[in-house]
Amino acid sequence: MALTFWQSTLGKKIVMGVTGLIMIGYLCAHLLGNMKIFFGPGEFNGYGHWLRVMGAPVLHHQWGLWIARIVLVAAVVLHAVSAYQLSRRDIKARPQGYVHAKPRMSYATRTMRWGGVILALFIVWHILDLTTGTTHSGGFQEGHPYQNVVDTFSTWYGNVIYIVAMLAMGMHVQHGFWSAAQTLGAGSRSRDRALKATANGLAILLTAGFISIPVGVMTGVVS
Amino acid sequence: MKLTLRVWRQKNADTPGAMATYQLDGVSQDMSFLEMLDILNEELIVKGEEPVAFDHDCREGICGACSLVINGDAHGPERTTTCQLHMRSFQDGDTIDIEPWRASAFPVIKDLVVDRSAFDRVIQAGGFITAPTGAAPEAHATPVPKADADFAFEHAECIGCGACVAACPNGAAMLFTSAKVNHLNVLPQGSPERETRVLDMVSQMDAEGFGGCTLTGECATACPKGIPLFSITAMNKEWLRATRKVKR
Ligand code: HEM
Ligand code: SF4
Ligand code: FES
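Residue numbers (this note's numbering), protein chains in the order written: chain A, 1 to 223; chain B, 224 to 471.
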């Protein structure tokens with residue numbers, strides 16, 4: 001059964017929808033946590049520390065964090081693999097386009113594939129920048145996330161990469177959330193307005209929320 | 224009206240094709256699009272050229288045979304079948320591009336004619352009910368709630384033309400397959416095969432080499448019968464339900 005599920009275009013699409021929703025859920029939690037940066041280094045670094053003791057005393061030090069990381073990596077990998085395989089198949093199914101071609105899909109719909117690639121690259125850079133510190137500008141300090149964030153957004157390229165990626169994320173979520181509802185069979189004519197409004201609201205909140213951080217650093221609100 | 228037609232000409236499945244340009248004069252606004260092509264073909268025959276091959280049958284919008292992409296739109300600028308499109312939708316002096324359905328599951332046979340037997344095999348996989356043959360049963364013997372009857376009828380309107388596949392950037396047959404699945408799955412007559420129908424038709428659809436759904440909605444925009452995009456949502460729901468119920 002599991003194999004039949006994965007081999008079907010519908011099954012792969014469902015995997016994509018579920019993992020996409022897991023990632024959207026994570027983004028909401030991540031945004032709420034990140035907002036603590038506006039309340040100073042004490043609160044923000046304290047939150048960073050809490051992530052490591054999350055689940056204690058039931059869970060051992062950092063176990064909660066590692067469980068979350070494993071779920072997220074699995075979600076990203078499954079999402080990207082299904083996206084790649086389905087896209088390959090879609091391109092093969094329509095090898096020849098029309099001489100009289102017209103662009104008609106919405107921008108968010110048309111950019112799901114390239115937007116997804118941008119997001120994948122961003123996720124790698126983001127981890128190397130602020131989690132491991134490998135590509136961090138200025139001295140990366142383990143346990144001092146507040147200062148690390150300020151350093152990243154004190155470089156022009158840090159701001160550019162981050163803001164471009166967040167705009168791509170907003171569009172991906174806008175089409176993705178609504179699509180996932182259809183893929184999972186939850187959409188309908190009567191529910192469509194509410195679903196579209198939720199998708200737009202989520203996309204705008206997530207994009208504006210995340211972009212407020214580099215803007216905060218650039219304007220000196222966070223320093 | 225005087226028109227410039229650019230038509231896809233292709234000798235057979237194995238020969239590459241190309242667009243060919245024709246000038247056509249004396250077209251009336253009241254002609255149907257296919258009558259306009261008939262005039263073109265008469266002229267070609269008189270000149271000793273090969274007429275343009277295109278599919279058509281009923282010419283009244285019910286059989287699903289006609290299948291032209293006109294100026295990039297499956298069935299042309301109006302929400303109807305090619306045979307029900309009239310020349311009043313065009314202007315004197317227009318250039319009209321006419322191409323066949325494009326999808327690898329619908330290979331071109333000649334000119335504007337494509338092989339749509341992939342749809343027949345999707346139907347054979349489950350688009351039927353196991354009913355006893357013989358005299359028609361008493362219509363009131365199986366009560367169907369009004370809402371279900373309406374839902375079934377909305378989907379039963381699909382004429383299997385394939386415009387949804389032609390319009391889809393992924394050459395997906397989701398709208399067609401969902402119309403057929405939903406039509407039968409909601410009715411008591413279709414319920415014995417409710418699970419196997421959706422599983423088998425979807426796997427046949429995949430096996431035919433149609434693409435997957437990216438919810439662009441092009442199919443529902445092109446459909447001459449107004450099959451809604453939510454038809455696909457409803458099929459996804461049926462498919463998920465069936466995967467949970469059927470152990471294979
Ligand atoms: C690894 C990087 C990513 C890639 C390569 C990628 C690619 C894609 C592609 C190609 C689609 C299908 C587009 C379509 O149906 O037209 C898609 C759908 C989707 N993506 Fe992503 N994406 C990525 C990251 C993300 C992230 C971070 C999120 C969460 C915010 C997300 C959420 C979604 C959702 C909810 C869908 C809809 C699934 C469905 O239609 O059922 N994706 N993605
Ligand atoms: S769903 Fe609409 S476009 Fe597709 S085959 Fe049926 S009638 Fe034609
Ligand atoms: S020829 Fe029958 S629907 Fe157009």
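If you are wondering where the hints come from, they were derived from the structure by calculation, not from laboratory data.
Please note that the accuracy of each hint is not assured.
Claimed, not checked - Cβ-Cβ distance ranges computed for the label pairs, FRET-style:
no.	chain 1	residue 1	chain 2	residue 2	range
1	B	430	A	77	25 to 35 Å
2	A	74	B	414	31 to 41 Å
3	A	120	B	283	49 to 59 Å
4	B	414	A	105	30 to 40 Å
5	A	102	B	238	21 to 31 Å
6	A	113	B	318	24 to 34 Å
7	B	311	A	7	14 to 24 Å
8	A	105	B	344	26 to 36 Å
9	A	81	B	467	50 to 60 Å
10	A	105	B	362	36 to 46 Å
11	B	247	A	192	37 to 47 Å
12	B	376	A	55	28 to 38 Å
13	B	245	A	97	16 to 26 Å
Virtual Cβ for every residue (Gly too), placed ideally from N, Cα, C.
Hint check:
| no. | hint | in the structure |
| --- | --- | --- |
| 1 | B/430 x A/77: 25 to 35 Å | holds, 27 Å |
| 2 | A/74 x B/414: 31 to 41 Å | holds, 37 Å |
| 3 | A/120 x B/283: 49 to 59 Å | holds, 51 Å |
| 4 | B/414 x A/105: 30 to 40 Å | holds, 37 Å |
| 5 | A/102 x B/238: 21 to 31 Å | holds, 28 Å |
| 6 | A/113 x B/318: 24 to 34 Å | holds, 32 Å |
| 7 | B/311 x A/7: 14 to 24 Å | violated, 49 Å |
| 8 | A/105 x B/344: 26 to 36 Å | holds, 29 Å |
| 9 | A/81 x B/467: 50 to 60 Å | violated, 23 Å |
| 10 | A/105 x B/362: 36 to 46 Å | holds, 44 Å |
| 11 | B/247 x A/192: 37 to 47 Å | holds, 43 Å |
| 12 | B/376 x A/55: 28 to 38 Å | violated, 54 Å |
| 13 | B/245 x A/97: 16 to 26 Å | holds, 23 Å |
In summary, the structure is inconsistent with hints 7, 9 and 12 from the numbered list given earlier, while agreeing with the others.
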